[in-house]
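What follows is each chain in one-letter form.
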Amino acid sequence: MVRPQDRKFVTADPDKCIGCVVCEYACSMVNEKTFNPNKSRIRAMRLGPLINLAVTCRHCEDPACVAACPRDALTQEEDSGIIRVDENACNGCGWCISACQFGAMNMHPEKKVVFTCNSCTDNETKEPQCVKWCPEEALTFVTAETLAQKYRQKAVKNLFQTAEEANKSQ
Amino acid sequence: MFAYAGKILHVNLTTGETKTEPLSEEMAKSYIGGIGLGIRLLMDNSKPGTDAFHPDNPIIYCTGPLSGTMGPTAGNGYAVVSKSPATGGVGESKAHGFFGPDLKRAGYDAVIITGKAPKLSYLWIDDDKVEIRNAEYLKNATVNDTDNKIRDELGDFYIRVSAIGEAGEKLCRFAAIINDEFRAIGRTGMGAVMGSKNLKAVAVRGTKDVNVANMEGFKEYIKMIHERMKGPATKKYKTLGTPENVLVLNSLSALATRNWTNATFEGANKVSGEYLNEHYVKKIVGCATCGMRCDHIAVVPEGPYKGSTSRLEFECLWSMGPLCGVDRLDAIIEAMRIVNEYGMDGISIGVVVAFAMDLYEHGIITKEQTDGIDLKFGNAEALIAIIHKIGKREGWLGNILAEGVAKAAELIGGDAYKYACHIKGLELPGYDLRTLKTAALGFSVSFRGACHLRNGAYSPDVKGKVNRFKIEKGRGKMITDESHMYNIIDSLIVCKFSRGTYYDGWKDLANYYTLATGIPITPEEMTQDGDRIENLARLFNIREGKGTRKFDDVPYKIKNFPVPDEGPAKGVCVSDEEMAIGLDDYYASRGWTADGIPTVERLKQLGLGDLAYIAEDAMKVAKGGN
Chain S
1 MVRPQDRKFV TADPDKCIGC VVCEYACSMV NEKTFNPNKS RIRAMRLGPL
51 INLAVTCRHC EDPACVAACP RDALTQEEDS GIIRVDENAC NGCGWCISAC
101 QFGAMNMHPE KKVVFTCNSC TDNETKEPQC VKWCPEEALT FVTAETLAQK
151 YRQKAVKNLF QTAEEANKSQ
Chain Z
1 MFAYAGKILH VNLTTGETKT EPLSEEMAKS YIGGIGLGIR LLMDNSKPGT
51 DAFHPDNPII YCTGPLSGTM GPTAGNGYAV VSKSPATGGV GESKAHGFFG
101 PDLKRAGYDA VIITGKAPKL SYLWIDDDKV EIRNAEYLKN ATVNDTDNKI
151 RDELGDFYIR VSAIGEAGEK LCRFAAIIND EFRAIGRTGM GAVMGSKNLK
201 AVAVRGTKDV NVANMEGFKE YIKMIHERMK GPATKKYKTL GTPENVLVLN
251 SLSALATRNW TNATFEGANK VSGEYLNEHY VKKIVGCATC GMRCDHIAVV
301 PEGPYKGSTS RLEFECLWSM GPLCGVDRLD AIIEAMRIVN EYGMDGISIG
351 VVVAFAMDLY EHGIITKEQT DGIDLKFGNA EALIAIIHKI GKREGWLGNI
401 LAEGVAKAAE LIGGDAYKYA CHIKGLELPG YDLRTLKTAA LGFSVSFRGA
451 CHLRNGAYSP DVKGKVNRFK IEKGRGKMIT DESHMYNIID SLIVCKFSRG
501 TYYDGWKDLA NYYTLATGIP ITPEEMTQDG DRIENLARLF NIREGKGTRK
551 FDDVPYKIKN FPVPDEGPAK GVCVSDEEMA IGLDDYYASR GWTADGIPTV
601 ERLKQLGLGD LAYIAEDAMK VAKGGN
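Chains as they are written, first to last, in my numbering: chain S, 1 to 170; chain Z, 1 to 626.
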């Protein structure tokens, strides 16, 4: 059995993401066999040229979306953390959408049921398709622990770089 | 048909009526989409002699066959075509970003807008639902405010808006249409045509699927292009960006400075791509579906324009920098920002200001006429001040300059025409045509007026493939061949920054088209499409009385003011004799008459027999004139 802390999810690096939405197209291409960002499980947000980030399901522990569903249409897979939607039970009420703090729950434009990241895996790279296609390498498929390590390393590097620069300029 | 929406939308703003018609496969294959389809629809949906600002002049939004697919750079474009208020001939421009794919997903290959709304309005296209809505509350609003307010009003963040600013509303002849903050339908004054129709914006939400014929093949193809985009073909755009040209052109004595007074700029190092990237560029971002990225977002870190943010490319940096003698990047970034707010062509505005500065320096206009602005070359504050006046059409000079250099020179009179640098009414882009003579010929025959992007004729000069100081036989064919490629690029609406990734040229593009649409096309057929589009555009210009030999010329200054700068280019300018050699050679390579009119035979070969009457009428006039 996979421990909850070993669950992997897709995350975008705010320094690298440029809002090109290639991830949206790759997602709809693979999962829906068409080109349509409205059917993508990952959505990029551009709030200005310098503010870009792609957002999708983070496979949280005790997910609010599952708790919010009044029809028990959502369940979380134990191993992967993927949120599965029972399309017969879901009536598109959208409570899960308002419960998710990341805006990672989406309403399918035709089926009128919700859908979210299924961590689709590419045979070659063993990673989700959006990660594979991202031209900026801004997306990674990580556990919370590797993400924490990455940012910890970055913070420490920055600290020492700043100290070095300060020494140089003295 | 795959990839195409298969539908054309008609909107009459006067009556409020809308209708749709199907797009035939024959039309699709013959004109591809984008500008090709747009120019054909312009020809078929307009009457000869209609003024660009008359309600009957249609303004046509087109998507390309690849818009809405994952095709890198091709998936995100749209084109706008109309009769140009600057040239009186074909007006067209393309923009990338995020707007185009939504128009395709809403279900349209083209939207033909005619008439004039009784009050300021915007067009709301929500898939099949089309509505003309009130925009009076957006009067004089900036492009970006218009975008934000319309999305707020309609309540959907992902709605895409293509809008004009104050300049378009006030019929500035080089007004642009802008989407996604800084992506512009920039050239040929399409924003002014929108303004003349009381049309502030087109807002669109498309939720339908875009499907390609061969999904597996298409996927492999885009994977290949993504890989190529990581390589040398796009390096320039991903590193220094087009501002790299500043120092390159300066070293060739081809960096037009102070309104084509000089060909080198002593301040080039302060406005170079290198300097810009080191001191101002904060991040490089990209458009939808793009596998590369090129938008160098520059932010001013300190000084009077602190915080000013804009995307800067070579052309606009040059026009508002060296061409005006300005060597301050902070002011150029601010100028670019306000030009986008007013919604103006970032190339033309710089040429217009440089023209006014030239007149001021020569005493043709006085400080009284500039409302006290000291319009000397190099005065950055004056540059900003006069842009505001032009954007608002404020004061005597602001109002006149909003007409563009060609008409402004007529209105000012006297010797002003000598300083007006335009071809067919469109201001010159950033190359000194005196020292890049293939470009001089190529720009002169471009159907939308002075333009580096109709045949890329600057390229052989800059790359040293030819003797750039002379025009000789053979240049005509070079320009002809390239123009076909550029026409197809603009009909597929592939971004020109990615053109180097199509290693196999026509073969790659034909393959791309067929994988997406399922319509078989050979590289030869596609080349002929490019030829057809060129002839079609020429016929439109001829029909409007703007398409014969006498219109294919370079500006007075290029012919009469030799380069004064020391170096290999000293004393160079373009003579009438070499222009004549070049034009004869170019027309011959096209199978056109010496007067630049396509022959009936040539038109029939290209499947344009139905329009041959335009050429026949023009030939009768040409004969009568002899």
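Honestly, I wouldn't trust all of these hints.
Computed cross-link-like contacts, DSS-like style, restricted to lysine-lysine with a CA-CA straight-line distance of at most 30 Å [claimed, not checked]:
1. LYS407(Z) / LYS418(Z)
2. LYS270(Z) / LYS496(Z)
3. LYS230(Z) / LYS16(S)
4. LYS126(S) / LYS149(Z)
5. LYS559(Z) / LYS570(Z)
6. LYS559(Z) / LYS465(Z)
7. LYS283(Z) / LYS8(S)
8. LYS306(Z) / LYS154(S)
9. LYS477(Z) / LYS306(Z)
10. LYS150(S) / LYS407(Z)
11. LYS235(Z) / LYS282(Z)
12. LYS132(S) / LYS235(Z)
13. LYS223(Z) / LYS150(S)
14. LYS132(S) / LYS208(Z)
15. LYS33(S) / LYS496(Z)
16. LYS392(Z) / LYS111(S)
17. LYS282(Z) / LYS157(S)
18. LYS8(S) / LYS168(S)
19. LYS149(Z) / LYS33(S)
20. LYS19(Z) / LYS149(Z)
21. LYS16(S) / LYS570(Z)
22. LYS389(Z) / LYS149(Z)
23. LYS550(Z) / LYS507(Z)
To be clear, the hints were calculated from the coordinates, so they are not data collected in a lab.
Structure-based check of all given hints:
Between the alpha carbons of LYS407(Z) and LYS418(Z) the distance comes to roughly 13 Å, so the proposed pair stays at or under 30 Å and holds. For a cut-off of 30 Å, the pair hint linking LYS270(Z) to LYS496(Z) stands: about 27 Å separates their Cα positions. Between LYS230(Z) and LYS16(S) the alpha-carbon distance is near 15 Å, which keeps this suggested pair within the 30 Å criterion. Pair hint LYS126(S) plus LYS149(Z) does not hold up; C-alpha atoms about 43 Å apart against a cutoff of 30 Å.
The straight-line distance between the Cα atoms of LYS559(Z) and LYS570(Z) is roughly 14 Å, inside the 30 Å bound, and the hint therefore holds. About 23 Å separates the Cα atoms of LYS559(Z) and LYS465(Z), which keeps this hinted pair within 30 Å; it holds. Of the pairs offered as hints, the one joining LYS283(Z) and LYS8(S) holds, with about 29 Å between alpha carbons and a cut-off of 30 Å not exceeded. For a cut-off of 30 Å, the pair hint linking LYS306(Z) to LYS154(S) stands: about 29 Å separates their Cα positions.
Distance hint between LYS477(Z) and LYS306(Z) is unfulfilled; the C-alpha atoms sit about 49 Å from each other, more than 30 Å. With a C-alpha separation of about 60 Å, the suggested pair LYS150(S) and LYS407(Z) falls outside the 30 Å cut-off, and the hint is violated. Between LYS235(Z) and LYS282(Z), the direct Cα distance comes to roughly 18 Å. Compliance with the 30 Å bound is thereby established for this hinted pair. Straight-line distance between C-alpha atoms of LYS132(S) and LYS235(Z) comes to about 21 Å, which keeps the hinted pair within the 30 Å bound.
For the proposed pair LYS223(Z) and LYS150(S), the alpha carbon gap of about 29 Å is at most 30 Å, so the pair holds. With a C-alpha separation of about 25 Å, the suggested pairing of LYS132(S) with LYS208(Z) holds against the 30 Å cut-off. Distance restraint check for LYS33(S) and LYS496(Z): the Cα-Cα separation of roughly 29 Å lies within the 30 Å cut-off, and the hinted pair is therefore satisfied. Between LYS392(Z) and LYS111(S) the CA atoms are separated by roughly 49 Å; this puts the pair beyond 30 Å, and the hint is violated.
Annotation: proposed proximity of LYS282(Z) to LYS157(S) holds, straight-line Cα distance about 21 Å (limit 30 Å). Of the supplied pair hints, the one linking LYS8(S) and LYS168(S) is violated, its CA atoms being roughly 41 Å apart against a limit of 30 Å. Of the supplied pair hints, the one linking LYS149(Z) and LYS33(S) is violated, its CA atoms being roughly 34 Å apart against a limit of 30 Å. About 28 Å separates the Cα atoms of LYS19(Z) and LYS149(Z), which keeps this hinted pair within 30 Å; it holds.
Taking the CA atoms of LYS16(S) and LYS570(Z), the gap is near 47 Å; set against the 30 Å cutoff, the hint is violated. Pair hint LYS389(Z) plus LYS149(Z) holds up; C-alpha atoms about 25 Å apart against a cutoff of 30 Å. For the hint linking LYS550(Z) to LYS507(Z), the alpha-carbon distance of about 36 Å lies beyond 30 Å, and the restraint is violated.
This entry does not satisfy hints 4, 9, 10, 16, 18, 19, 21 and 23, going by the numbered hints stated previously.
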